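Protein chains: 4
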Amino acid sequence: MGNSFGKLFRLTTFGESHGKALGAIVEGCPAGLELDEDLIRLEMQRRKPGQSKITTQRKEEDEFQILSGVFEGKTTGTPIGIVIQNSDQKSKDYAHIADKFRPSHADYTYFEKYGIRDYRGGGRSSARETAARVAGGAIAKQFLKSKGITIQAFVSQVGDLILDSDYSKFNLELAEENIVRCPDPEMADRMISLIDAVRLERDTIGGVVTCVIKNTPAGLGEPVFDRLHAELGKAMLSINAVKGFEYGSGFEGVKMKGSQHNDTFVQEDGRVHTLTNHSGGIQGGISNGEDIYFRVAFKPVATIMQDQESLNEAGETVIVSGKGRHDPCVVPRAVPIVEAMAALVLADYLLLSKSNKLADI
Amino acid sequence: MGNSFGKLFRLTTFGESHGKALGAIVEGCPAGLELDEDLIRLEMQRRKPGQSKITTQRKEEDEFQILSGVFEGKTTGTPIGIVIQNSDQKSKDYAHIADKFRPSHADYTYFEKYGIRDYRGGGRSSARETAARVAGGAIAKQFLKSKGITIQAFVSQVGDLILDSDYSKFNLELAEENIVRCPDPEMADRMISLIDAVRLERDTIGGVVTCVIKNTPAGLGEPVFDRLHAELGKAMLSINAVKGFEYGSGFEGVKMKGSQHNDTFVQEDGRVHTLTNHSGGIQGGISNGEDIYFRVAFKPVATIMQDQESLNEAGETVIVSGKGRHDPCVVPRAVPIVEAMAALVLADYLLLSKSNKLADI
Amino acid sequence: MGNSFGKLFRLTTFGESHGKALGAIVEGCPAGLELDEDLIRLEMQRRKPGQSKITTQRKEEDEFQILSGVFEGKTTGTPIGIVIQNSDQKSKDYAHIADKFRPSHADYTYFEKYGIRDYRGGGRSSARETAARVAGGAIAKQFLKSKGITIQAFVSQVGDLILDSDYSKFNLELAEENIVRCPDPEMADRMISLIDAVRLERDTIGGVVTCVIKNTPAGLGEPVFDRLHAELGKAMLSINAVKGFEYGSGFEGVKMKGSQHNDTFVQEDGRVHTLTNHSGGIQGGISNGEDIYFRVAFKPVATIMQDQESLNEAGETVIVSGKGRHDPCVVPRAVPIVEAMAALVLADYLLLSKSNKLADI
Amino acid sequence: MGNSFGKLFRLTTFGESHGKALGAIVEGCPAGLELDEDLIRLEMQRRKPGQSKITTQRKEEDEFQILSGVFEGKTTGTPIGIVIQNSDQKSKDYAHIADKFRPSHADYTYFEKYGIRDYRGGGRSSARETAARVAGGAIAKQFLKSKGITIQAFVSQVGDLILDSDYSKFNLELAEENIVRCPDPEMADRMISLIDAVRLERDTIGGVVTCVIKNTPAGLGEPVFDRLHAELGKAMLSINAVKGFEYGSGFEGVKMKGSQHNDTFVQEDGRVHTLTNHSGGIQGGISNGEDIYFRVAFKPVATIMQDQESLNEAGETVIVSGKGRHDPCVVPRAVPIVEAMAALVLADYLLLSKSNKLADI
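Taken in sequence, the protein lines are chains A, B, C and D.
Sequential numbering of the first sequence, starting at 1, is according to the numbering used here.
Sequential numbering of the second sequence, starting at 1001, is according to the numbering used here.
Sequential numbering of the third sequence, starting at 2001, is according to the numbering used here.
Sequential numbering of the fourth sequence, starting at 3001, is according to the numbering used here.
The set of hints was computed from the structure by calculation and includes no laboratory data.
Treat the numbers as computed from the prediction; the structure is a model and nothing was measured.
For glycine and all other residues, C-beta sits at the position ideal for the given N, C-alpha and C.
Just so you know, not all the hints are guaranteed correct.
To be verified - Which residues of chain C face chain B? A partial, calculated answer using Cβ under 10 Å:
id	residue
1	Asn-2003
2	Leu-2022
3	Gly-2032
4	Leu-2035
5	Ile-2066
6	Ser-2068
Claimed, not checked - The calculated BS3-like cross-link candidates involving lysine-lysine, where the alpha carbons are at most 25 Å apart (straight line), are:
id	chain 1	residue 1	chain 2	residue 2
7	B	Lys-1169	A	Lys-255
8	B	Lys-1357	A	Lys-20
9	C	Lys-2007	D	Lys-3145
10	D	Lys-3145	D	Lys-3354
In isolation and in its complexed conformation, chain A is listed as follows (with noise of 0.2 Å):
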């Protein structure tokens, strides 16, 4: 329980940060899409440590192989098995921390629920496991492309440096072209500042990833418990570090009255769209057609390069030191994960409503 994601377009994944490789299986990719595994590639890329001064320095290759699925270059129909090989992983690092429960880690939490972990490097608890959603969502993604549904993520927030939460201000695309993922270069520049000092500190620090989604056909979301934005809020909730997601609005529509939070319905363009979009795309957990949009708080890294306080197996005290090569800040890697994640959500989504309408059938 637990490992799989979707209903009818679903990724499950496997794997552990030391084992000998990770996992992912997409399973109901519609048969006859052309997937371009280069643009795979690129995804984990995105992800992959050691990319900038600002990330950790660790190497991972994240070399993946497809092992079905796909037959002449398009999807068959059948589930797509990817294989990412762990590079050799030194075991030998982590006997120190082997009976020790990290602070704010899931060191604690998984010896009291299996009885058993895996000390190494956080075992399945370690967003290692990211990078099989990253390869999974990139083939979501090429779904959605070939019907013309975009998905883009940035960084909107380091530490207390906030992006202005009106993202048609900036031209989206610039996120790609600075190594903290913020549209706007002269905010980036601070960011990665704030970053470095962070990191010169031995220290880490939160921030926050925004993700949009253009072109989603209105329809889409499985009310009343599978709305839309819900299971998108459960998407991003699973991937590690996260503590909060809003959508629209979010937290601070809140403060305003219905009058003002109302969106308007128009015509326009031969279709309907609404003047504001305090609803984020979504209304009553169903997309309308607007933009998807939303924030997803990623906390501060709990493994910091410092001598902290903290319990064995034994229950003694002991301390817990930093050692490796690790993220001062998670949020511009963590891009692309909220883009897989929310690709995911909206490829099955899209199949789930192929089946609505009588007339559809």
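Since the structure of chain A is already known, use the hints to place chains B, C and D on it.
Just chains B, C and D, lined up with the frame of chain A:
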């Protein structure tokens, strides 16, 4: 798809605002639980309209009947079917909006999705559906209580009136002693005044509900996708009018450094605790035994007692006039709904945790 | 777990034999279907007790009420909730077996599983639950009929009276013209005589129901685990008293050689057909467009009008006396249940097939 | 959809006959199980081709690698990912049937469903996929064995050679001592001769596998739809070439009267037993603690070493020539597959049963 919630402990609901009845089916409640119908009734009273001057003045009696799954006062392990009659509703009340799309409601999206919609009172998209959730959640709550787990929600924000986020400063039981359900009596008075003022403006306003879960055992959660907080987030986001969810340090935690944010493990009372609880009782998606707490943002209700411009099904510009009796602020009545959904998640995850370890089978 | 069937087109049932009511919730029926309540009523009449001298003489009116999901005569895409009242049942009738385990009933196993059981009439394990299936299946049938797919079941064996297995020799519509539901009038008479004789012996006897599905499009089925016939098999085996399922050539096909068994493809009427149909319309778990047919074995009903030795909950030897009005042979009334379950499978798989090809999305 | 089996203990497979590799992902195996890789290897040896003169002479080494979920020899509760390499397969072998529909194979139906198919060796529809099932089932078997539950299958029919249905007459362990896997040595010889004769005719023949499960605790099964035998039936019907399933008295039981068929409860060895076991160890869909037994019918393999008339994708009449090395009778190699699927069902239902009673939580 979308009308059930949960894997082992599972709620399914059916019913429209102005249909004959609503229904709640609870599957997976362990056999042998003494079920107190009065406690279900109590929860439904907390949700029902017309309970105070700051809620809608609509009258709904919300009488329910248990049709199955209980024998001689105890649950039998078979599904518990509950029907909640809709008292005589005047459908003609809705003729004036039969073909109009009310702004920021689900009228347009349901129409796009299904090509047909029950326009009476919002049909399936009406918050009336949450009555079935409260009934189901009241059963989950009783199950959890038999295992020592308690859930308490309260109003922590109305408009820009924000309660101190440190809930330990308040006696949470006081929340039920005022009509806005805020545990700080002074703040409660201010919130009530604000809502009343907004009501007189024929407008609405948003709010936040905070929820605290105590005595959860360590080990609940199903990573990687079904993290405990991810499922709680989905549960909350599935409630009408919710725009955001955060747990533990939430969006504010973004601004912290890792060295501040990490929760130090200590031994206390013979078991592992943390000195702080920025984690919100969940680490790596699994409960650690500390209090679980989270915040849920509700937008201002879309129905306002004012004229608004909109479109009808033919794409023509029309005026939608606010009629009827609606809530100026939804959060006081949302408190039991938040608790119900939280109870459903916890009940489900408690059952799921029973097969984690070989020694437990 | 276990009270729902189907993925996209999904039936959930609740209710016990002697509880207040049964319920059926149908999710996923596409919106816009004109629903004929009389056709639901007709199916329930075919299942109901007391319809002839060879069925139980119990009276159950099986009045049902649709509570949701239908608006102005059409399905809206929201869940269709149906309640079937249990007419006034005398619970004291069952006091004599309250702590006894009836042989080959579910009394003992429910008690072991749940530690508590509603002993009145078998509680949840009673075949009365199938009334809810027939109601739900009647909706699936109407959906399928709108797409040209028809389902017809009939009795093909009672005890050792076995109808010729080549169903094409019979006018299947004749099955509804006699009380045993066998399409061969002469065989029907013999079957009726046999059942009547068994009834007079205060005993019961088994039988087989054959089901034929016509006009299924090619392409329905979800290999590898959810093959179309695997889901049909599960559906049938979930019906009370069923002991076996075979499709196409079935157990007899075991004796054949590959060269005899293989169905030759031919072009006919502008589409692909097979000369023979040992495959039963399903190849590799996917429909091929030919008739789907299968046989379902029902054991003799466990309730006999004789004294039997057994145990009570205390482990003491007791006598269980047959009382009440029970079916001497269950297959005549099982015909509409088999059809209902088949319709649910086909409806579900038809919806699932809508997202197989990229070109269809 | 369709590539996973099970709810809590869950197997997902991927891979095609001639793709790079097959995969099996096992979720939900309780943590702390000592996993013996040799036992997995042993099961795969029992299934692999080329093991005797009556099976295909193809060579497949079926080397597998466990990529995750096991740490220091024990399961950790995280998904166990297994990859089975496909050794170098000559794809050109299949050029001659690239656009032809082989009779009674899945070529036509996959083409209709997906509009594209991997024609090499049947692609996903090949029985090679069952190698992944056997690997996953071998883990389930070890879990069950740790709880005392054992599963043994054997060949009980080949063509019209039928073993006495009373399995208690045989020492079932003898089944593994001959190449046809029949526990009666004399019958085994006759079966081997028959298969050999059919092979020389360049033809194939069907058979039946019987499976016996011992030491199941009472209480396993999830009525009403997920009855234990319904899930076992689905599991078996999901295996390639299966045409029928019956448990306990099965189709023969149809001819019995209730007074003969009912199993009398008796107290023995301090617990409840039944004198006979026509119920096949399952009553009302729930295990009663007696032996569970069932029979599975396999059709004659569709690939025969003869020329057959058929169609190609263009609708033209073509000749399909039998080539390669195929099984003249599939049942000897199906024995471990039946056991694997049975083990998966039992493991899953054992876990599901852990939350039935309040006192167990």
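### Query
So which hints don't hold here, by number, going up?
Result: hints 4, 9 break, sorted rising.
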